[in-house]
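Participant: These protein sequence lines map, in sequence, to chains A, B, C and D. Per the working numbering, the very first residue in the first sequence carries number 1; after that it's consecutive. Per the working numbering, the very first residue in the second sequence carries number 1; after that it's consecutive. Per the working numbering, the very first residue in the third sequence carries number 1; after that it's consecutive. Per the working numbering, the very first residue in the fourth sequence carries number 1; after that it's consecutive.
Among the hints, a few may not be true.
Derived Cβ-Cβ restraints for the label pairs, each shown as a range [claimed, not checked]:
| id | chain 1 | residue 1 | chain 2 | residue 2 | range |
| --- | --- | --- | --- | --- | --- |
| 1 | C | ASP328 | A | THR325 | 26 to 36 Å |
| 2 | D | ALA140 | A | SER161 | 51 to 61 Å |
| 3 | B | ASP46 | D | ALA259 | 54 to 64 Å |
| 4 | D | MET166 | A | ARG19 | 38 to 48 Å |
| 5 | C | ARG47 | D | ARG51 | 28 to 38 Å |
| 6 | C | THR325 | A | SER199 | 24 to 34 Å |
| 7 | C | ARG47 | D | MET166 | 45 to 55 Å |
| 8 | B | MET12 | A | TRP270 | 47 to 57 Å |
| 9 | A | GLN320 | C | ARG39 | 54 to 64 Å |
| 10 | D | TRP270 | C | TRP270 | 28 to 38 Å |
| 11 | D | ALA259 | A | GLN320 | 31 to 41 Å |
| 12 | B | ALA259 | D | PRO287 | 27 to 37 Å |
| 13 | D | PRO287 | A | GLY218 | 45 to 55 Å |
| 14 | C | TRP270 | B | ALA259 | 44 to 54 Å |
Some chain A residues flagged as far from chain B (calculated, every beta-carbon gap over 12 Å) [to be verified]:
| id | residue |
| --- | --- |
| 15 | GLY11 |
| 16 | SER26 |
| 17 | THR245 |
| 18 | ASP279 |
| 19 | ASP317 |
Computed from the model, here is a short list of chain A residues facing chain B with C-beta under 8 Å [to be verified]:
| id | residue |
| --- | --- |
| 20 | LEU3 |
| 21 | LYS4 |
| 22 | VAL24 |
| 23 | ALA130 |
| 24 | MET134 |
| 25 | THR145 |
| 26 | GLY244 |
| 27 | SER249 |
If you are wondering where the hints come from, they were derived from the structure by calculation, not from laboratory data. Note that this is a predicted model, so its numbers are computed, not measured. A virtual CB, placed ideally from N, CA and C, is assigned to each residue, including glycine.
Number of protein chains: 4
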Amino acid sequence: MPLKIGVIGTGMIGEDHIRRLTQVLSGAEIVAVSDVDARKAQAVADRIGARRHETGEALIADPNVEAVVIASWGRTHAAYVLAALAAQKPVFCEKPLATSSADCRRIVEAEAALGRRLVQVGFMRRFDPAYVAMQRLIAAGRIGTPLMFHSVHRNASVPPSYIPAMILDDTCVHDIDISRWLLADEVKAVTVKSARRNSKGRADLADPTLVLLEMAQGGLVDIEISVQIGYGYDIRGEVVGETGTVALSTGSPVDLRSAGAVSGHVPEDWRERFITAYDEEFRHWLPAAAAGSATGPSCWDGYAATLATEAAARARDSGQTQTITMIDKPALYASPNGDQGPERTIFAAGG
Amino acid sequence: MPLKIGVIGTGMIGEDHIRRLTQVLSGAEIVAVSDVDARKAQAVADRIGARRHETGEALIADPNVEAVVIASWGRTHAAYVLAALAAQKPVFCEKPLATSSADCRRIVEAEAALGRRLVQVGFMRRFDPAYVAMQRLIAAGRIGTPLMFHSVHRNASVPPSYIPAMILDDTCVHDIDISRWLLADEVKAVTVKSARRNSKGRADLADPTLVLLEMAQGGLVDIEISVQIGYGYDIRGEVVGETGTVALSTGSPVDLRSAGAVSGHVPEDWRERFITAYDEEFRHWLPAAAAGSATGPSCWDGYAATLATEAAARARDSGQTQTITMIDKPALYASPNGDQGPERTIFAAGG
Amino acid sequence: MPLKIGVIGTGMIGEDHIRRLTQVLSGAEIVAVSDVDARKAQAVADRIGARRHETGEALIADPNVEAVVIASWGRTHAAYVLAALAAQKPVFCEKPLATSSADCRRIVEAEAALGRRLVQVGFMRRFDPAYVAMQRLIAAGRIGTPLMFHSVHRNASVPPSYIPAMILDDTCVHDIDISRWLLADEVKAVTVKSARRNSKGRADLADPTLVLLEMAQGGLVDIEISVQIGYGYDIRGEVVGETGTVALSTGSPVDLRSAGAVSGHVPEDWRERFITAYDEEFRHWLPAAAAGSATGPSCWDGYAATLATEAAARARDSGQTQTITMIDKPALYASPNGDQGPERTIFAAGG
Amino acid sequence: MPLKIGVIGTGMIGEDHIRRLTQVLSGAEIVAVSDVDARKAQAVADRIGARRHETGEALIADPNVEAVVIASWGRTHAAYVLAALAAQKPVFCEKPLATSSADCRRIVEAEAALGRRLVQVGFMRRFDPAYVAMQRLIAAGRIGTPLMFHSVHRNASVPPSYIPAMILDDTCVHDIDISRWLLADEVKAVTVKSARRNSKGRADLADPTLVLLEMAQGGLVDIEISVQIGYGYDIRGEVVGETGTVALSTGSPVDLRSAGAVSGHVPEDWRERFITAYDEEFRHWLPAAAAGSATGPSCWDGYAATLATEAAARARDSGQTQTITMIDKPALYASPNGDQGPERTIFAAGG
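Here chain A stands alone, though its shape is the one from the complex:
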């Protein structure tokens, strides 16, 4: 019996999740959709045989909707998540959980009050086979205690809708979450340095940017954010431990020898690079949601990430290191970050 899902937001990412839930994965049925663009939503609803709701709230209230996917504009997430929690319906919420840490905190407190997890946040990197392999090798003690993490996040280009703030809250937020997950730790302080500007890029973007995280237990993280590097979408990372390191490898499936070079392919964009991770995060979410629960990236993770991007924005604007103070962690989220890996066996754990 497939899970009956309502999808709020039928834009690019929402459409992609609908495709995934209807054509790629088993166990799901989309029964309702809504979008601020009513015509768009109606067209989608007609195509897949779902009901269109005028509002996200109405969709959440629909008794036929057993679980909710939130893929609307970020500023709308908080209200929908809170409504779904009130209705006690499982949620998959695209990142960010909410655009302010205050809203994130409200969500954390609401879920904690409920006493059980209902929300999985869309930090899909935690489901990427390579990051999973890194995390497992670290958790298995293969490099000793992790002390540093070097993260690189490069986009070939950004669309016109990409505004300067997104360097931190849309791009770097992924590196922040994966840092917390790999090091099983919280961010304590953030420093931001802008490099010489890429003269081939837009004048309004501080590109590239270097973000430095100091973690609560003393780990250091440096993150390169380059958003207009042209050559491809390149996600790299190396965790440095006491006795060794583990790093994402290049990952090209084939080597081409031609014209004086041996070369591998670099992905064009995030869709290509993380196609498996997006499938896996939903493969992970579906059975948990069907059981009226949630695992994987939590509201606490969403709160921590938004808090850190807010601190990063202050650090960039002030030129000073900014420290972070978190609320006490509710017992609901007591398990270490590092424990929230995917349940499905992912092979190729390295070494």
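Using the hints provided, position chains B, C and D relative to the given structure of chain A.
Facilitator: Chains B, C and D only, in chain A's frame:
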């Protein structure tokens, strides 16, 4: 509306396909199963809510069964495929299509008489993202006309049920099929050389073995078959063209630096190495079968592979190069081998 | 006619240079040695048929000595370099040029007053084939203007004589020099962060440490210094440009497949990793010295490196970013840093 | 006291060895040269201050010549080697030792009669750091007993002077020697297959060619010879053992990320690829020759290689496998092939 499928054979590979069709992919429903082990079949039927048939023939005849997956013992394939063709039901047949070229020929002729393709043969390598990337780079002319192919097929170990003949007809058959696909050509002659025997392995196995294929258009293929090499399951290949080459890369997702070495993981077995390929071949088969048709590896491919493994066995026994004579290729199979790639977009095409 | 050389300092590095000049390279003859350990110096002198001098100054004054190699304790370098400049004899001086920027400045001014270069400083990385290939690709515009440099400097272990200050002035100094060379720029500000301490290492060492350089033209450099990581001596680096990047590759000559892994060797120590670079820096120095001149890393480079390590020490102690003010660059050193590559053809320029 | 050397042959390879012995390595002095082109020889003699001899025989007889380097046309080698043996002067002889196995046999018998080795043959691959690392890992038992070797020898292009016979006796001869060395075994039989011809290359060359060696102890070797592949000079190899394999790695010093690809450099030609190996073989020869002896590749190795290339030519012409019969191995050459590695420490032994 999911496709109603009957599965003949509920052994290891049959069970794995049932898992794939029920838990991983969308669009399929298993309505019937059968197996020579009636208890095993009944247990599976009970678990997934399917009907058990006493025989494969009865399953094929079941009006509720719209398409058939054949995963039984190789010697039984031919009869089931012919029965399904007679019933005009789409078939996914695990390799080999049939264990003798005479049977394969009968199947080819039956399907050709029908005038449309109904059978996809389980040569899953053609759906592996890395082989797909190789084939596309070749087809795109990136290395010029292909002239040679070096193929390496290594198993860490083989089970006790692995008999000497399987080196050629169970293991090497994959390399033969992928050679035909990558070079878009037919095998014209086969030579087999046994190397010094691996003294750590079984005395009855000629391990490793070198198989040399001469292709109709002059291409040369050398295939290393090592079946007890201990260190892992390692599939490698490089196609050599007039101006360049393309090779499978190592493929480890992460690099571990520890104890004086930087190392990547080698898969343990075929399940780990080809998990994506198995998923993809069924993702490819389902919509074609639902439309009452088939694409991908054909009965002709199954015929050609069995013909070549028969020649290889003669070459091994005689110590002489054996040539191959094929029947005329029915028009149904007229498209070049190289055209039968997966329809779904697979990224990372290399270079 | 070989160049007649006097070597001051016959400790580990001095002995290695003597071996290099007498057994590996052509064109050199060691005619004189001196060391604070007179017995050690005498033994060396006897073995290679050279004269022993009581002091470095006496060696420099020896009319038979045409050129001087300084490989003594760092604090003694300044006086010897100044004496050799006064005697107008070509010098190869191991790094550091001098242990204080004030002494370095005196040397720069003395050489500038002379009006011609006589000193090559021992920054051997500039002669490593891989760094040379990086520098050439950057200079050729293959990645656009360089904007960032990620540098990693890892030692498996350090000897008991390694004191905390050496993290910056003995280890990191190499990364500082190579940053200046690759980016063809000067260091403007330095920030130092200590990570969670490697608990498997000595309690007195801030290991690992992250050093952040801001360059005059806006480039950013992050340097990981790990000195007790156990697994090997690992030097890595990637320069990030406007359209691409260039990185040191792993460099293992062979891949071993064994026990579930494909692995490459990591060098044990700097002798293994930079054996070619040490040979090349002397192959570069000898003809220049024979011509009464010098090219390659200059006194200006020595001054800049010491200035930056002094700033790094202040940054570490204060927890604050430290800025650097340099004297005006004498015309003698006018050529950009990036122009001072080795003259000998080094192949394998990448891509 | 440098070794006084006479060089026979001042063509391309002779000139390169003269450069090496006078400018790169220590311990050598060229005192005499000769060449069929007297003007060329005189120009070289004048430039380096050596005496020119009218004939190679006169050079060998010159009492001032302590050791002889033979770099003349291959057909002349036998006579010069025999003359040097008669004069009991150490020899470095470029490959081939002689162009017929009969001549090689005469040389072997002459040296054996002398009772001590005087000749090192120019199989420089045995001094390449990557091949040395392979050989050491094999000898150390890291892959178990070696059973197979896959060798790839690709030239971007060949000069007009390259005649069809050279595919086997000039190009493949290197792979034959290195096969014998890595497997510590002799060639027992040779099979040659020509692939579909590279249509972008010369019509008179069977390019590419596949050479199959069966070794005395049962090892199998397949060798791809491609001599006009355009993209670069690419030497690859993998030895397959009972429990693992060891392979030459790509070897590019840097990775360039640009325009959708991550790429490494492929050498342009053998000078670039084997520059270190050529230096090392002479660094190995000089002290042995100075001691009136020789180690490294021997006359026996030269004999074995020529015997195998003769068999390969017969195999190509007849289309049949050709077996090889060797004379009994004189006790002088009793040490296994695998023992004849370079004496100098070469780091990076892999894994």
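Participant: Indicate, hint by hint, whether the structure satisfies it.
Facilitator: Here's how the hints hold up against the structure:
no.: 1; hint: C/ASP328 <-> A/THR325: 26 to 36 Å; result: violated, 47 Å
no.: 2; hint: D/ALA140 <-> A/SER161: 51 to 61 Å; result: holds, 59 Å
no.: 3; hint: B/ASP46 <-> D/ALA259: 54 to 64 Å; result: holds, 57 Å
no.: 4; hint: D/MET166 <-> A/ARG19: 38 to 48 Å; result: violated, 58 Å
no.: 5; hint: C/ARG47 <-> D/ARG51: 28 to 38 Å; result: holds, 34 Å
no.: 6; hint: C/THR325 <-> A/SER199: 24 to 34 Å; result: holds, 27 Å
no.: 7; hint: C/ARG47 <-> D/MET166: 45 to 55 Å; result: holds, 48 Å
no.: 8; hint: B/MET12 <-> A/TRP270: 47 to 57 Å; result: violated, 37 Å
no.: 9; hint: A/GLN320 <-> C/ARG39: 54 to 64 Å; result: holds, 57 Å
no.: 10; hint: D/TRP270 <-> C/TRP270: 28 to 38 Å; result: holds, 30 Å
no.: 11; hint: D/ALA259 <-> A/GLN320: 31 to 41 Å; result: holds, 39 Å
no.: 12; hint: B/ALA259 <-> D/PRO287: 27 to 37 Å; result: holds, 35 Å
no.: 13; hint: D/PRO287 <-> A/GLY218: 45 to 55 Å; result: holds, 54 Å
no.: 14; hint: C/TRP270 <-> B/ALA259: 44 to 54 Å; result: violated, 19 Å
no.: 15; hint: GLY11; result: holds, 21 Å
no.: 16; hint: SER26; result: violated, 5 Å
no.: 17; hint: THR245; result: violated, 5 Å
no.: 18; hint: ASP279; result: violated, 10 Å
no.: 19; hint: ASP317; result: holds, 36 Å
no.: 20; hint: LEU3; result: violated, 12 Å
no.: 21; hint: LYS4; result: violated, 15 Å
no.: 22; hint: VAL24; result: holds, 6 Å
no.: 23; hint: ALA130; result: holds, 4 Å
no.: 24; hint: MET134; result: holds, 5 Å
no.: 25; hint: THR145; result: violated, 14 Å
no.: 26; hint: GLY244; result: holds, 4 Å
no.: 27; hint: SER249; result: holds, 5 Å
Violated hints, listed in ascending order, are 1, 4, 8, 14, 16, 17, 18, 20, 21 and 25; each of the other numbered hints is respected by the structure.
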